[in-house]
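> Sequence:
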Amino acid sequence: MTTEVSPGTVPGAADDGTRWLDAGEQRAWRAWLYSTQLLQERLERDLMRATGIPQAYYEILVQLSEAPDRQMRMSELADRCLSSRSRLSHAVSRLEERGWVRRQVCPEDGRGLLAVLTDEGFAALEAAAPVHVESVRTHLFDQLSPGQVAAMEDIGRTLLRHLDPD
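Position 30 of the sequence shown, counted from 1, bears residue number 30 in UniProt numbering, the numbering being contiguous throughout.
Just so you know, these hints were derived from the structure itself, not from any lab.
Honestly, I wouldn't trust all of these hints.
What the hints assert, rightly or not - Estimated spans, in silico, between C-beta atoms of each pair:
| hint | residue 1 | residue 2 | range |
| --- | --- | --- | --- |
| 1 | ARG157 | THR18 | 21 to 31 Å |
| 2 | ASP16 | ARG94 | 41 to 51 Å |
| 3 | CYS106 | VAL136 | 27 to 37 Å |
| 4 | ARG94 | TRP29 | 31 to 41 Å |
| 5 | ARG27 | GLU76 | 16 to 26 Å |
| 6 | LEU33 | ASP164 | 44 to 54 Å |
| 7 | THR18 | GLY99 | 33 to 43 Å |
| 8 | ALA150 | ARG94 | 23 to 33 Å |
All C-beta atoms in this analysis are idealised placements derived from N, C-alpha and C, irrespective of residue type, glycine included.
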């Protein structure tokens, strides 16, 4: 967890124009940071324990399942999974070993590679999805009121507009 300091808490710190967090912002930041880290760890643990599928692999399967013809260019898949191309390539190799994904040359240009979700991969996703959804429901949505869920969506959309304007 990161620690934010202000000039009043660091002996000799000059006021250099840094927009320090006030006490309420500091509490909100730390609560959000710590809770999202714990939530991700819990979701990963629940999914791995019940299915043996890491969260990163699950996300690849989800993205492919929602794509037309259950296939996507590797570069686009990396972007959608917020992954480097090399990390995604490694993950797809592991999914190929399980028979859940295959690579094929992109027919439009003959250069790019597509990741294609196989029927076996789709079946694995169908088996894992109830576990993942129950974990999300238990550890997130069951803990929030409808108003908090609406606020969470509003906050998320606001941050996405700032951080990912595409």
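> Regarding ARG94 and TRP29, is the given constraint of 31 to 41 Å on their beta-carbon distance met?
holds (35 Å)
> Does the Cβ pair ARG157, THR18 satisfy 21 to 31 Å?
At 28 Å between Cβs, range holds.
> With 41 to 51 Å as the target window, see if ASP16 and ARG94 comply at their CB atoms.
holds (47 Å)
> Given a hint of 16 to 26 Å, does the C-beta separation of ARG27 and GLU76 actually sit inside it?
At 39 Å between Cβs, range violated.
> A range of 44 to 54 Å was offered for this pair. Does it hold for the Cβ distance of LEU33 and ASP164?
Cβ of LEU33 to Cβ of ASP164: about 19 Å, so the range 44 to 54 Å is violated.
> Does the hinted range 33 to 43 Å hold for THR18 and GLY99 at CB?
violated (53 Å)
> Are ALA150 and ARG94 spaced within 23 to 33 Å by their CB atoms?
violated (38 Å)
> Given the hint of 27 to 37 Å, is the C-beta distance from CYS106 to VAL136 inside that range or not?
holds (33 Å)
This entry does not satisfy hints 5, 6, 7 and 8, going by the numbered hints stated previously.
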